[in-house]
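Trainee: Residue numbers (my numbering), protein chains in the order written: chain A, 204 to 300; chain B, 204 to 300.
Honestly, I wouldn't trust all of these hints.
Remember, identical chains collapse to one label, so a pair may be satisfied in a single copy or spanning two.
[As the list claims (entries may be wrong)] List of simulated lysine-lysine pairs, DSS-like, C-alpha gap at most 25 Å: (1) Lys-287 <-> Lys-228; (2) Lys-255 <-> Lys-287; (3) Lys-279 <-> Lys-245; (4) Lys-228 <-> Lys-279; (5) Lys-228 <-> Lys-245; (6) Lys-255 <-> Lys-228.
Since the hints were derived computationally from the structure, they do not count as laboratory data.
Number of protein chains: 2
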Amino acid sequence: MYLLVAYDVSTSTPAGQRRLRRVAKVCQDYGQRVQNSVFECKVEPAHYVAFKQSLLTIINSQTDSLRFYHLGRNWKHRVEQYGKNTGYDIEGLLLVE
Amino acid sequence: MYLLVAYDVSTSTPAGQRRLRRVAKVCQDYGQRVQNSVFECKVEPAHYVAFKQSLLTIINSQTDSLRFYHLGRNWKHRVEQYGKNTGYDIEGLLLVE
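Model the full structure from these sequences, guided by the hints.
Mentor: Printed below as a string of structure tokens:
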């Protein structure tokens with residue numbers, strides 16, 4: 204499964220800053236950071252529930268927002284990147300314009 | 204066209220802060236903010252080039268990142284929202300869990 208994970212974690216408290224780091228850490232285990240709070244992840248269907256659950260246990264559902272976008276197999280044709288590119292191709296090749 | 208627009212604008216300078224506001228303003232004309240730097244937009248194909256161009260003329264391509272994800276007609280089944288929900292349905296209904 205190719206996923207875009209986008210999150211907004213309230214960092215007005217030290218606890219929020221810790222949540223932000225932990226969310227990013229979990230996402231890094233499954234994919235690449237393409238922007239500050241946006242990751243492109245490749246997750247095996249069997250691991251998706253555990254991946255999602257690990258993020259849900261971290262966030263504060265009152266203050267933080269977490270969105271998953273299922274991009275589908277055709278994901279490479281769905282994304283256009285402009286400007287500074289921090290991304291690399293989940294399959295291992297550097298995403299270049 | 205249903206698009207996810209995600210951007211990272213460097214706000215270390217006053218000019219960057221202005222760019223951030225202008226990017227958000229353009230996106231607001233076409234859709235809804237779902238997270239700080241993430242918008243879901245509904246754009247007529249005939250307007251897409253102009254929409255994209257207006258954003259490209261704002262960003263600084265050395266410091267800022269802009270990503271478009273084409274979600275396709277089936278977009279509602281592609282997104283999962285958890286936690287604080289700032290989104291509303293592009294078609295006008297409030298997106299609720």
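Trainee: Against the earlier hints, flag every one the structure doesn't satisfy and list their numbers going up.
Mentor: none
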